[in-house]
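Asks: What follows is each chain in one-letter form.
Protein chains: 4
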Amino acid sequence: MSPALIELARRVSNWGRWGADDERGTINFITPDVVQRAAKCVRRGEVFSLGLDLGSDGPQFGQAGRVNPLHIMTSTSNQMTPDPAGLRYADDVIVMPLQCATQWDSLAHVHYGGQLYNGHPASSVTSSGAVRNGIDKMAAGIISRGILLDIARLRGVEAMGPGEVIGPADLDAAERAQGTRVERGDVLLVRTGYMRVFTVYGDRVFYMKQMPGLGAACVEWLHAREVAAVASDTNMVEVWPPEDPTVLFPLHALCIRDMGLTLGEMFDLEGLALDCGADGIWEFLFTAPPLRVAGGIGSPLNPLAVK
Amino acid sequence: MSPALIELARRVSNWGRWGADDERGTINFITPDVVQRAAKCVRRGEVFSLGLDLGSDGPQFGQAGRVNPLHIMTSTSNQMTPDPAGLRYADDVIVMPLQCATQWDSLAHVHYGGQLYNGHPASSVTSSGAVRNGIDKMAAGIISRGILLDIARLRGVEAMGPGEVIGPADLDAAERAQGTRVERGDVLLVRTGYMRVFTVYGDRVFYMKQMPGLGAACVEWLHAREVAAVASDTNMVEVWPPEDPTVLFPLHALCIRDMGLTLGEMFDLEGLALDCGADGIWEFLFTAPPLRVAGGIGSPLNPLAVK
Amino acid sequence: MSPALIELARRVSNWGRWGADDERGTINFITPDVVQRAAKCVRRGEVFSLGLDLGSDGPQFGQAGRVNPLHIMTSTSNQMTPDPAGLRYADDVIVMPLQCATQWDSLAHVHYGGQLYNGHPASSVTSSGAVRNGIDKMAAGIISRGILLDIARLRGVEAMGPGEVIGPADLDAAERAQGTRVERGDVLLVRTGYMRVFTVYGDRVFYMKQMPGLGAACVEWLHAREVAAVASDTNMVEVWPPEDPTVLFPLHALCIRDMGLTLGEMFDLEGLALDCGADGIWEFLFTAPPLRVAGGIGSPLNPLAVK
Amino acid sequence: MSPALIELARRVSNWGRWGADDERGTINFITPDVVQRAAKCVRRGEVFSLGLDLGSDGPQFGQAGRVNPLHIMTSTSNQMTPDPAGLRYADDVIVMPLQCATQWDSLAHVHYGGQLYNGHPASSVTSSGAVRNGIDKMAAGIISRGILLDIARLRGVEAMGPGEVIGPADLDAAERAQGTRVERGDVLLVRTGYMRVFTVYGDRVFYMKQMPGLGAACVEWLHAREVAAVASDTNMVEVWPPEDPTVLFPLHALCIRDMGLTLGEMFDLEGLALDCGADGIWEFLFTAPPLRVAGGIGSPLNPLAVK
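Protein chains in written order, with the numbering used here: chain D, 1 to 307; chain R, 1001 to 1307; chain G, 2001 to 2307; chain U, 3001 to 3307.
Excised from the complex, chain D in its bound form (with noise of 0.2 Å):
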């Protein structure tokens, strides 16, 4: 931690912000009557949702021990009934890392100087899971306005490049490109167009190693902007290769620590951004509940997005 990212997190910091017991961090600006905002962006009534299969043709290659699923069939056709001609069920289990595919990271998921959000211990993550800031502490959550700021369409790309920054400037450019502003409790959903790496080109590696994303100066904005929380369609959020080689992973450090903002990663935008860029509406009812897992440190997701 450098001394301007140091000061930063000091500018950014949500601590306190919501009590010295809170677990929740952003998730606390989507107070009622942004639900309700969020209620009136249904305008067609159409639903895309926006999750990756799980799977074992998933993007994980084995990255720092993550997997993709294992989907294991515990029947396929076992009586119900004594009659062999009667009823039969099929069982399946799945083992899974929370955060092989699209997914929400929790606010026990990244720490420094012993510390989680909100100063709850590093040490309160234990063998058993995280007893504070688990992602189970979002249960009632996450559902908002989403509002899609389409970057690789701003510069005219079919998919950003690996390393290319996103600053502050071109959120504000994609804000006023689509005729759309982020206010207080939205989730902002950021599109790289970088998935299509993986989902259409197949290259699983290129795609999890390196990625475009938001640069630590969109730090600042996301915490002006009071967001809830922030996705993208790539595995991190954040750029990589990093910004300043010397800073590694500034978003997660001042997003999760600091902000108590959660991240959502690997969600897959294409579909609601053609249909946001044909009829010029960028925003719609989210949601993505993530599953109650005690102690989680991320979850899985199907997140829907509503217009």
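A few of these clues could be false.
Pulled from the structure, derived: some chain U residues nowhere near chain D, Cβ distances all over 10 Å [unchecked claim]:
| # | residue |
| --- | --- |
| 1 | 3045 |
| 2 | 3056 |
| 3 | 3064 |
| 4 | 3162 |
| 5 | 3205 |
| 6 | 3279 |
Label pairs and their calculated CB-CB ranges [what the hints assert, rightly or not]:
| # | chain 1 | residue 1 | chain 2 | residue 2 | range |
| --- | --- | --- | --- | --- | --- |
| 7 | U | 3278 | G | 2021 | 20 to 30 Å |
| 8 | G | 2062 | D | 241 | 33 to 43 Å |
| 9 | R | 1113 | U | 3056 | 30 to 40 Å |
Hints in this document: simulated from the structure, not taken from any laboratory. Built from N, CA and C at the ideal position, the CB exists for glycine as well.
For this one, chain D is given, so just place chains R, G and U on it according to the hints.
Replies: Just chains R, G and U, lined up with the frame of chain D:
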């Protein structure tokens, strides 16, 4: 299958209704106008989570090979940077039956006569998962209007008892008492209060091995009302022990296989029911997108109701 | 089951031979004198491991729901003491089908006519595991004299081909050529060379979907010789495609269910065979204790041969 | 690490003893003549299994992220042939920490100063497993002569108590009392009787959180005797709480990391000890080959002793 049940199956069958290739069944009732109607149910902006926690304290006790989730921490405090004082992260893996807690059944869950819903062959469910009717086919659902019918409240009891049958007349009576009406495309939530056996009294065996629930006669009611899905606060939605000991699991057989109607199980309706009882409003925006498990037989859920 | 096979099953049956409660079958042939004889086969003190590695590079490719082991690191460098410079530890978890690589079948693995070996009901294998005939019943085995019969060598080939049948005459001829004799209580290892399809040529599909192996006529030979167990370097021990397309898996049926003879699969016999060919000694101390998986259907193994 | 311990570590170090590339440590003491000597210990041909059952009733209670094995049945009675009356099979999957019950530690299990045994870098243990010193490097072991030293018997107690220290003088005294002597290449089994806390009295927390065991002074004894491995009937081999509260896990540190001596934990020595006490013979053929888990940190075991 008795002759009467076979005749009933024939009457309520939706095979072919949405084409020979359909794998979504009654979810098809959730048309854009239904979604618009659902969004209008958001009045106060209050959100209720209807999911159970996923952890070792869950409702499973080993029956039919189902166990509670096993949550494995793969990192509690690993370094993300070369500096030991720098950023650190936690990560985790989950092992769980897809139907171990609050969940949807897919239309591949049960079959008889060698056929799944819509005539897809039962053999399409293999050790690699469900090629037809898997839970991933419901990716863009399930978001609709929800209606809670509180049968425990109707009967003036804290919780209905095991084996206690809910009939069509009960559903009609609850509608009248609550001043609401289930319509095409709605998700029906039926409260028996029996969840309290597990959540309040902590008896998972009593909760899982017997239960109140819908009787076979409700199948025709559900068909007539064209509900998109039906869920309850028990492990099976339908009553157990069965009304007729020679006819086992009639609701599973006819709803899932003949109607293509998914069942939602172990929904925690207690908080929502209290609120609906207080303000007299029993409808809400309901959203419970299944995880997109490729070929999955079911999906764990954290359903939300928004009033 | 053809009439001829049913008649053969009757002739080789060991039901009741070791009492009505027996769950160990031909492992009972390993009496103390047999173990003494086995120990005397240790001459030079050289040890051969006959197991495949358990990892993602294993022989499975998804057939019948079997996958290669998933090895999950739960710690790579966690502190064991308050001092960061002090002792640290690594820890791990494995997820694997018990029969994914080198393994024993338990006597609960296959059944017909509603009965397992020794007449135990097939229904005693439940979703909780095998109450009867589980692999844990062989806990104090399997250590005995091993005899390698090298049929590939006998035929002068690097590896036998898929569908190539080994008959009793081959076993007799190999004994004569090698100057050895299989006796009561021995563990018989049959080498086809086919393991090389996987370990040398890396073709797991070709290796797993077809193979040379014992023909049905060997059942009587194995019965007459009173072997304790038989293992081979293929996935099934028996030949596939089958000799008679109307009689599938006769060895599995008659050995496991009627004789109570466990089968050992995917043993890597290459190094051992080279050594035996060089010194002309085809007997050795053989030890392959199964893991004591309570109610397990099989067990992964690292069998040792000591010459 | 205290100065005294660092000096002791230096004295007992085996780094470089078997070459700069060695990953097997004291297992190298098991030379062919040692194996020959081991085979000669088979007198009566009686076999003792020293493993605990692998199942949900195991000793784990959640400490340090370790859980008991999860045994998942993937088939109980699936058809193997087109005929429903024909052959059927059962199949299963296991999920388990590799060190959840009776087990060997690999030489990658603990480290300090950034180095594993023999100077291999600690960073070679990654989220993909142990590239150096993994349990698979002991594939052709561990078979040798075993010697049981029964310290509980020496002290005339059913079981030693938690925190009770075994010193070199105890090991010498047990040898004298039993008329046996531990020599180069032997596997030493030390009985405290403490296993009975779990197997007889069923108290897994008391069993796992504290224990009698070897004191730090034994390290030099083990080094002088050149044992190949040491195992005990407790969870750690070494005593806990520790002799000196400022020196934690000295045996793990010095045996595994400096000597390259693997530790065997949770061996059930009760039946074997009874037999040895009865016939006065405390040596036997000992065999406990680890599973060949690629890059594994430990391995579950079913060790056998043959007298």
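Asks: Grab the minimum beta-carbon distance between residue 3162 of chain U and chain D and tell me whether it stays above 10 Å.
Replies: holds (22 Å)
Asks: How does the Cβ-Cβ distance of residue 2062 of chain G and residue 241 of chain D compare with 33 to 43 Å: does it lie in that range?
Replies: holds (36 Å)
Asks: Does residue 3056 of chain U really sit off the interface, with its C-beta more than 10 Å from all C-beta atoms of chain D?
Replies: Holds: least Cβ distance 15 Å, greater than 10 Å.
Asks: With d taken as the least Cβ-Cβ distance between residue 3205 of chain U and chain D, does d exceed 10 Å?
Replies: The claim stands: residue 3205 of chain U keeps its Cβ more than 10 Å from every Cβ of chain D (closest is about 14 Å).
Asks: Just checking, residue 3279 of chain U versus chain D, shortest CB gap more than 10 Å?
Replies: The claim holds: residue 3279 of chain U sits with its nearest Cβ about 44 Å from chain D, beyond 10 Å.
Asks: Does the hinted range 30 to 40 Å hold for residue 1113 of chain R and residue 3056 of chain U at CB?
Replies: holds (37 Å)
Asks: Since residue 3064 of chain U was said not to touch the interface, does its Cβ keep a gap of more than 10 Å from each Cβ of chain D?
Replies: For residue 3064 of chain U, whose nearest Cβ neighbour in chain D is about 5 Å away, the distance does not exceed 10 Å, so it is violated.
Asks: Lying within 20 to 30 Å: is that true of the beta-carbon distance residue 3278 of chain U to residue 2021 of chain G?
Replies: Because 27 Å falls inside the window, the suggested range holds.
Asks: Since residue 3045 of chain U was said not to touch the interface, does its Cβ keep a gap of more than 10 Å from each Cβ of chain D?
Replies: holds (41 Å)
Violated hint: 3 only; the structure is consistent with all others.
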